[in-house]
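*Asks:* As given, the protein sequences belong to chains A and B, one line each in that order.
Mapping the first sequence onto this note's numbering, position 35 (from 1) lands on 35, and the numbers just tick up by one.
Mapping the second sequence onto this note's numbering, position 106 (from 1) lands on 106, and the numbers just tick up by one.
Keep in mind the hints are simulated off the structure, nothing from the lab.
Among the chain B residues that face chain A by a calculated CB cut under 8 Å, a handful are:
| id | residue |
| --- | --- |
| 1 | M4 |
| 2 | L6 |
| 3 | V16 |
| 4 | F20 |
| 5 | E21 |
| 6 | A22 |
| 7 | E26 |
| 8 | A30 |
| 9 | L36 |
| 10 | Q39 |
| 11 | W40 |
| 12 | G43 |
| 13 | E45 |
| 14 | K132 |
| 15 | M134 |
| 16 | L135 |
No residue lacks a Cβ here, since even glycine has one placed at the ideal position from N, Cα and C.
Listed below, chain by chain, are the residues.
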Amino acid sequence: MQRSLDSTLGALADPTRRAILARLAQGEATVGDLARPFAISQPAISRHIRVLTDAGLIVQRVDGARRQCRLAPEALSELDQYLALLRRALEANYQRLDRLLLANKKRRDSAQ
Amino acid sequence: MNKMKLETQGERYVVVTRRFEAPPDEIYRAHTEPELLQQWLLGPEGWTMPVCLVDVCPGGKIRYEWTNGKGAGFSLTGEFIELDPPRRIVHVERMHLPEPTPDNRVETTFVADGTGTLMTMRMTLPDAETRKAMLSTGMEHGMEASYQRLESRLANTPETACA
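Hey, can you work out the whole structure from these sequences and the hints?
*Replies:* Dropping the structure here:
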């Protein structure tokens, strides 16, 4: 359970992979469809798709010469989604706090 | 490494740990002084916290109000239960979406770690209904916007290496 949560959260940690999931939430897509909005290479997209597949978030099927991807049913539980949202909000906050601490330190150092 | 760790503990709690490069008293102040809180406790990019009221004593009230400057906003109220500067803060909080979510008890501790501080925050895992309410708010306020930003950024960048 813990391991599967980790791989899910790991898969969700990347913005490109989150965007792929957002696209798949609208329906099935080929690897080419998924690569198009990103202006990154197809091998790079394929790597992201493999991570998402390994985490059980998406499933693929062969349709003639093409591979179709879709969201795995129930893969992303509402709990996982909530934790991912929480993680993202906290990370944004703490990165801002890091910058605030650094700015305060610089101000103190230059006042000496 | 100052990487954040977020874990569930049983079915009832979420535990977050994060290291900061400043001593505990500075991190404690960042969690209790409005002029500092307003600079970082903001959630998704583009949001501000025009109202930040904290009465820093046991029983003292907390009120945060956020806005995205485009008419959307939500608030959080709470009360401090225990304060042990600069080591520990225990408070309860609820979000107003606008219906208040069930009370969430949050325990935050700050422990010196070399020249920095290790923060541990333990909070109650909201029930499924509350999570759903937060998700729909979060989707609306944060996630969609960040997907759009990502897509417009990538569309304008020739070959990016974000694998």
